[in-house]
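Student: For the sequence shown, the working numbering begins at 1 and goes up steadily by one.
Everything labelled a hint here was simulated from the structure, so no lab data went into it. Every residue gets a Cβ at the ideal spot worked out from N, C-alpha and C, and that includes glycine. One or more of the hints may lead you astray.
[What the hints assert, rightly or not] Label pairs and their in silico Cβ distance ranges:
no.	residue 1	residue 2	range
1	ALA222	PRO92	34 to 40 Å
2	GLY188	ARG89	36 to 42 Å
3	ASP103	LYS245	30 to 36 Å
[To be verified] Derived DSS-like pairs: lysine-lysine, alpha-carbon spacing no greater than 27 Å straight-line:
no.	residue 1	residue 2
4	LYS253	LYS124
5	LYS124	LYS213
6	LYS250	LYS213
7	LYS81	LYS213
8	LYS253	LYS243
9	LYS243	LYS219
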Amino acid sequence: MNRGSWKIRIFIGLAIVAFAFIKKCSSQEENVYTGRTQTINMSAEQEIAIGLQSAPEIAQQYGGLYPDERMQAVVDAVGNKLVQNSYARETPYQYDFHLLADDKTINAFALPGGPCFITYALFKQLNEAQLAGVLGHEIGHVIGRHSTERIAETDFWQTISMGASVGGDTGGFVSGIGQSTLLKNGRGDELESDELGVDLMIRAGYDPYEMIKVMEILKASAGPNRVPEFQSSHPDPENRIQKIKQAIIKYQKQ
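All chains should be built: construct the whole structure from the sequences, respecting the hints.
Tutor: Next up, the structure:
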């Protein structure tokens, strides 16, 4: 490669990187429910569309929906109680609660725009207040726009990596920075959702200390060989318990 071509590549690479930063800065907005400034590159309507489109495929990965409508009705009742007794009802999202048939995998998660899921393997271990803790946590992910923020962050780092690869051979290094940033933010998302879940539980009349028991259930289910916190996108349950206790004190005073 001659010197002129090399300079052009450097210029193009820097231009791509500059574009990524300008786009990120222009996409900053404050979440009125968390008070945190986030990078968001889509509307609430787009979040809802992504959630609705993804939900059926996600459900199939866990064996589809649980066939007992009575159990599904319990999940619906608790989830809707959390929404109707909190600021969640003021958000534009379409909260929908799904009990998944998987009776082996202990899991719960939420998609952008409102769909919330819990596996039967986890559901069957919970009482009503603990179920409220799990669903409150997942509602917290939706309110916190965590998936949407992660999409924007991923888009940002992919653009940065493209600029770096055009300008030189540092794309892998920049990609590494992106992965570590996503990992760190993922843990922060979980802790933020725990706090929002505690708030939602208290507003709906549930005992927030049942959230701590949920953490103990998750810890026990992982067994003695669970992945250390620094290698996981989720904080260690013991660390989460301490943060939950702080959140309980904070919101019970309000």
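Student: Going through the numbered hints above, which ones does this structure break? Give me the numbers in ascending order.
Tutor: 2 and 4
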